[in-house]
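Spelled out from the first residue to the last, the chains are:
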Amino acid sequence: MKSVFLLLLATALFVGAIWFFHLCGELLSSKDYLAGTLHIFVGLATIRGGVEVARLSVVLHLRGRS
Amino acid sequence: MTDVRPYDAAVRTVPMLVVGATFTGLLLVLPAVYSASWTGDRLSDLSVALVALPFAVLLLTVLRPLPALTHFGYFAAHLPALALEPGFTGSDVYSGPRGLFAVVVVGLIGLAWVWVCRWSAKAPPEPSEGSSAPATSDASTGSTLPAPARWLGAAAGGMGVAVYAAFAVPAVGNGAGSVEPLPASIALLVGVVVAWYVAAVQIVNAIGDVALDGRARRRVLASLFVERRRTKADIWTSVIWLVGALVAALLWYLP
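Residue numbers (our numbering), protein chains in the order written: chain P, 1 to 66; chain V, 1001 to 1255.
Please keep in mind that the hints were generated in silico from the structure rather than gathered at the bench. It is possible that part of the hints are untrue.
Restraint ranges, calculated between C-beta atoms of paired labels, are given here [stated by the list, open to error]:
1. P:D32 <-> V:L1251: 17 to 25 Å
2. V:S1044 <-> P:G49: 20 to 28 Å
3. P:T11 <-> V:Y1197: 17 to 25 Å
4. V:R1229 <-> P:E52: 17 to 25 Å
Straight line, CA to CA, 25 Å or less: simulated SDA-like cross-link-like pairs of lysine to any residue [stated by the list, open to error]:
5. V:K1232 <-> P:K31
6. P:K2 <-> P:D32
7. P:K2 <-> V:R1229
8. P:K2 <-> V:V1105
9. V:K1232 <-> P:L34
Every beta carbon over 10 Å from chain V, so not counted as near; a handful from chain P, in silico [said to hold, decoys possible]:
10. M1
11. K2
12. V4
13. F5
14. L9
15. A12
16. L34
17. I47
18. L56
Don't be surprised by glycine CBs; every beta carbon is placed ideally from N, CA and C.
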C-alpha cells in the first residue's frame, strides 16, 4: 500500500516536471531564453524528486527479494 | 534470482527508442513542424494523431519486440500520416542536394533501426557468477530481455517522448506560423537533450539499479535506516520548506 502511494506521488511529480518542461518550451519559443533555461532546472529538480520517490517505491515493493 | 548486470538488459532497449524516435522525428515530426509552423499550413488533429502513431508503436515494440512488429508494423505506422499529408514527402522538404542528403540519412537510420532490433533481440543478458540461470526471459515473445527491463525501457521511452512532446508542442505553435524558425529549433534541440537525459540517465540508471539489482535495493534500505534517525525539528523544517515552495509556485503561476 505504501509503495502504491509513493508510486502515485512519483507519477504526480513526473507530471509536474513535464508541465515545467512545457512552460520551458513556450518560453524558449517566445525567445525568453533566460526564463526557459531556469525552467529547465526546475523541471530537472522535479524529475529528480520523482525518481527518488519512485526508487523508494520500487525498493518497498520488492523488499525481501534478492 | 535477478541478474547482477541489470543495466545491460535495460539499456539495450534505449538504443531502440533513440533510433526509432530519430527515424520518426526525421520522417514525420520535422516535416510536420516545417509545414505547420514555417509555411503557414496548420495540421489537422487527425494528422497530429497519425504523426504520434509511430511513437505508440515504438513503445509497443519495446514491450513486445516481435519481428513482425519491429520489421513491418513500425514502418507501416508511418504510412497513414504520409498518405494523409503528401507535403511531408513533397518537394518543399526533399529537393536538391539537401533533399537527397535527407533521404539518404533517413534511409540509413531506417537500416540502423533494423540492425538495432536484431541486435537487441539476440544479445542475452550475461548471468552473474554463481547464478545458474539468467534473469527471467519471455520465450513466447522471442525476446531475451527480462520483463522488468522491458517495462523499465517502456517507462524510460514514455517519459522521453512525453518530455520531448512538452517541448515540441509549443515549438510547433498553436497557430500557424506563430513561432519563428530559430526559437523553434532551439526549443526542439533542448527538448531532445533533456528527453535523453531524463530517459537514459534518470529513469534507466536511477530506477534500473533498484528494480533489477538486489544489492542496490539492500544499499538503499541500509541508507534508509540512517535517514530514519531524524529529529522533529528536521521534519518541521522540511514541511515548512515544502509548504513555502508550493505557495510560492501557486502565487507565481496561477495569476
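(request) Of all the hints given earlier, name the ones this structure violates by number, lowest first. (result) 2, 5, 6, 8, 9, 17 and 18
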